[in-house]
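Each chain, written out:
2 protein chains.
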Amino acid sequence: MKLSQKAQRCTLSPMRKFTPYAMAAEAAGKKIYKLNIGQPDIETPPAFFEAVRGFSQKVLAYANSPGAGFMRDAVVDYYHRIGVDYTRDDVLITTGGSEALQILFLCILDEGSEVIVPEPFYSNYTTFIQAAGGVIRPLSTVPEEDYSYAKPALLESLINEKTRAIAIINPQNPTGNVLTREELRAVADVAKKHDLYLICDEVYREFVYDTDDVLCAGSLRDLDDNVVIIDSVSKRFSACGARIGMLISRNKALMAEALKFCQGRLCAATLDQVGAAALYSVGPDYFEKVRAEYRRRRDLCYQKLTAIPGVVCAKPMGAFYAMAKLPIDDADEFTKWMLTDFDDHGETVMCSPANGFYATPGKGKNEVRIAYVLKERDLGRALDLLALGIERYNNR
Amino acid sequence: MKLSQKAQRCTLSPMRKFTPYAMAAEAAGKKIYKLNIGQPDIETPPAFFEAVRGFSQKVLAYANSPGAGFMRDAVVDYYHRIGVDYTRDDVLITTGGSEALQILFLCILDEGSEVIVPEPFYSNYTTFIQAAGGVIRPLSTVPEEDYSYAKPALLESLINEKTRAIAIINPQNPTGNVLTREELRAVADVAKKHDLYLICDEVYREFVYDTDDVLCAGSLRDLDDNVVIIDSVSKRFSACGARIGMLISRNKALMAEALKFCQGRLCAATLDQVGAAALYSVGPDYFEKVRAEYRRRRDLCYQKLTAIPGVVCAKPMGAFYAMAKLPIDDADEFTKWMLTDFDDHGETVMCSPANGFYATPGKGKNEVRIAYVLKERDLGRALDLLALGIERYNNR
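Sequence order for the protein chains is G and B.
Be aware that the first sequence starts at 1, since it is given in my numbering, and climbs by one per residue.
Be aware that the second sequence starts at 1, since it is given in my numbering, and climbs by one per residue.
Heads up, some of the hints might be wrong.
Which copy? The list can't say, so a pair holds if one copy fits it or any two copies do.
[Unchecked claim] The list that follows gives simulated cross-link-like pairs (lysine-lysine, BS3-like), each with its CA atoms no further than 27 Å apart: (1) K58 / K193; (2) K336 / K58; (3) K192 / K336; (4) K30 / K363; (5) K365 / K58; (6) K336 / K375; (7) K151 / K2; (8) K289 / K336; (9) K375 / K193; (10) K58 / K375; (11) K192 / K2; (12) K162 / K192; (13) K252 / K2; (14) K193 / K365; (15) K252 / K151; (16) K31 / K363.
Note that these hints are calculated values from the structure, not bench results.
Here the structure is a predicted model, which means the values were calculated and not measured.
Can you make the complete structure from the sequences, with help from the hints?
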């Protein structure tokens with residue numbers, strides 16, 4: 001039996017491919033500090049569980065395909081509160097931001113279509129774009145320039161007749177880059193000029209640490225047809241397991257196509273929509289508290305990383321990741337070795353090797369992504385283990 | 001901005017495309033008996049909600065990408081109980097049977113690859129296969145032969161170098177056809193001889209009314225590499241809103257590819273896996289009771305349908321659908337008219353027009369699919385409304 005070429009082109013997730021080694025290490029009694037996955041340890045607001053426990057229908061029925069009305073309305077209300085005017089019809093509820101991306105790329109990509117994506121980028125974009133027959137055209141960024149990509153001339157140099165979209169993650173996973181208003185405008189102008197979709201993955205919107213001046217791309221009202229927002233409750237409310245995301249756009253033709261795929265898979269999970277809608281009842285104090293917590297972790301993470309001899313790291317401005325170039329030969333090998341061969345008092349640390357975050361072959365070979373999703377004490381210990389691991393790995 | 005050709009080739013779901021008309025009719029105070037969607041009114045076993053309410057973790061975290069261990073084990077145990085030997089590694093937990101199909105077709109179809117599917121078939125197969133770049137090669141069946149498709153010569157006549165799989169739904173949605181052991185063996189032999197995947201969608205497995213002699217394709221141990229089972233808790237436990245399904249196969253190369261897509265979308269919903277695993281604790285008495293209920297509805301549905309002058313209908317042997325050829329010109333128009341222009345004492349009925357269940361152009365134009373998912377009294381009234389509607393529609 002044959003396997004598809006697109007499946008064979010895809011790879012295992014860099015965040016998850018070492019999970020079997022981790023499970024074996026844990027089975028052998030090793031404690032692993034997990035910085036590989038953006039799985040926060042912040043408590044999910046109890047409103048989620050209360051709403052779910054209060055569900056009293058006897059039949060767990062399908063929700064509407066575009067999303068439950070109350071859930072779409074909760075999202076619309078949230079956007080109103082941050083000053084962005086969307087209506088219920090602009091919002092489709094999806095199974096995580098992941099499905100929003102899958103559906104979007106199915107709607108806009110044909111075989112060989114290109115999407116411009118600043119690299120390094122969240123590696124699952126590769127899977128979603130390839131699954132839809134598309135290709136990533138990377139715009140390379142570097143830590144020495146804070147991973148900046150708002151460079152119109154460079155962006156335009158990557159556009160050709162196959163280009164369908166510019167996809168940005170703002171705040172950026174994995175670099176922590178955050179666009180200023182002027183930078184977002186500069187990228188938007190390129191999309192507008194060349195009639196491209198501007199895909200803005202803003203799932204980390206609330207997690208910006210050094211400025212309040214961040215713009216949601218939904219505010220760019222001269223790009224109503226271009227802008228598509230990818231959103232999710234996963235990171236915002238530390239509710240990754242709910243798998244509730246959103247595809248948001250004022251482009252009616254696009255949303256009509258997206259609805260076909262939404263109907264095809266029937267609906268997002270009913271009970272999770274009940275819980276997720278309740279999450280939007282938390283006040284601004286929740287975000288302030290969580291942001292302050294992540295800011296402290298960001299500071300600790302950056303301080304610890306830059307103190308390791310030979311490590312190159314740009315200070316993340318948002319999200320909860322840091323990219324780090326390590327003084328090692330191969331991050332894949334190192335990650336595996338840390339699980340199979342290293343421990344300090346029975347403990348080790350797991351990061352994501354970063355080659356999967358690049359589309360350009362060979363890039364990211366000695367880089368890792370670190371998710372600072374642990375309490376400061378654990379995070380500090382994890383980064384000390386990383387430092388120790390690097391030293392022992394190079395002396396092995 | 002361009003839209004993809006594959007999206008434009010897809011259509012809205014025949015089960016759901018008239019939902020806006022239904023919502024308008026309901027807003028105007030009309031009562032609609034909904035026979036359009038396979039949304040049973042049978043109560044979800046309370047075990048689901050009890051397990052969900054008992055979830056005590058503070059963080060709603062991602063589950064493992066292949067599925068939570070306890071959920072995969074619950075599925076393995078269930079298969080053991082029905083005499084089929086699968087291991088945890090043979091089972092991937094997906095967001096409904098829908099996602100199992102999506103992932104499977106991404107794994108096995110290239111641009112232009114063909115899948116042989118007996119028609120009429122569950123219409124969302126079209127969306128999933130087209131999304132993966134594939135094409136449906138239909139094997140036409142007719143009510144006069146009980147929609148039988150276990151015809152080796154006919155199947156073989158549809159095979160060419162692009163054929164990757166034979167996909168069957170057993171028991172069949174929408175026809176109610178159920179394969180005998182011999183028929184399943186005949187289809188399997190064709191798949192084996194031509195080295196094709198045999199995709200067996202067995203989500204209605206427990207709902208067979210006139211025989212106990214039904215074989216799960218997972219029992220065909222000489223086709224370990226060919227057979228892929230699509231399964232789900234949606235229909236079995238009346239838990240459609242949970243969106244928990246399974247992709248099951250002993251073909252290790254296929255499962256390795258599927259895992260890439262599973263990792264790409266991170267996981268199926270955590271809490272729904274907790275609830276779904278608990279569903280498998282219900283005993284055989286649950287299925288017996290539900291089966292008896294559906295059998296009574298099937299009998300009533302068939303009796304009422306065949307009593308309508310001009311209706312052609314084969315007696316469904318399984319699942320909870322009946323296909324019916326109606327004495328009308330256009331089922332699309334009729335369905336819309338029943339929502340917008342018809343009522344009897346403020347009540348109407350909604351079926352699914354069946355053209356979307358066929359791949360052959362023009363077929364199914366005067367057919368509908370009826371889901372007998374209402375209590376007998378409501379079902380009887382709904383079918384009386386259908387009879388009345390047909391009469392008035394033809395005299396309008």
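Evaluation of the provided hints:
no. : hint        : result
1   : K58 / K193  : neither (53 Å within a copy, 47 Å between copies)
2   : K336 / K58  : neither (47 Å within a copy, 30 Å between copies)
3   : K192 / K336 : neither (44 Å within a copy, 40 Å between copies)
4   : K30 / K363  : neither (31 Å within a copy, 62 Å between copies)
5   : K365 / K58  : neither (53 Å within a copy, 36 Å between copies)
6   : K336 / K375 : within (24 Å within a copy, 57 Å between copies)
7   : K151 / K2   : between (43 Å within a copy, 24 Å between copies)
8   : K289 / K336 : neither (35 Å within a copy, 52 Å between copies)
9   : K375 / K193 : neither (45 Å within a copy, 58 Å between copies)
10  : K58 / K375  : between (40 Å within a copy, 15 Å between copies)
11  : K192 / K2   : between (42 Å within a copy, 13 Å between copies)
12  : K162 / K192 : within (16 Å within a copy, 41 Å between copies)
13  : K252 / K2   : between (38 Å within a copy, 13 Å between copies)
14  : K193 / K365 : neither (35 Å within a copy, 45 Å between copies)
15  : K252 / K151 : neither (29 Å within a copy, 45 Å between copies)
16  : K31 / K363  : neither (30 Å within a copy, 61 Å between copies)
Violation of the numbered hints given earlier is confined to hints 1, 2, 3, 4, 5, 8, 9, 14, 15, 16; the remaining hints are satisfied by the structure.
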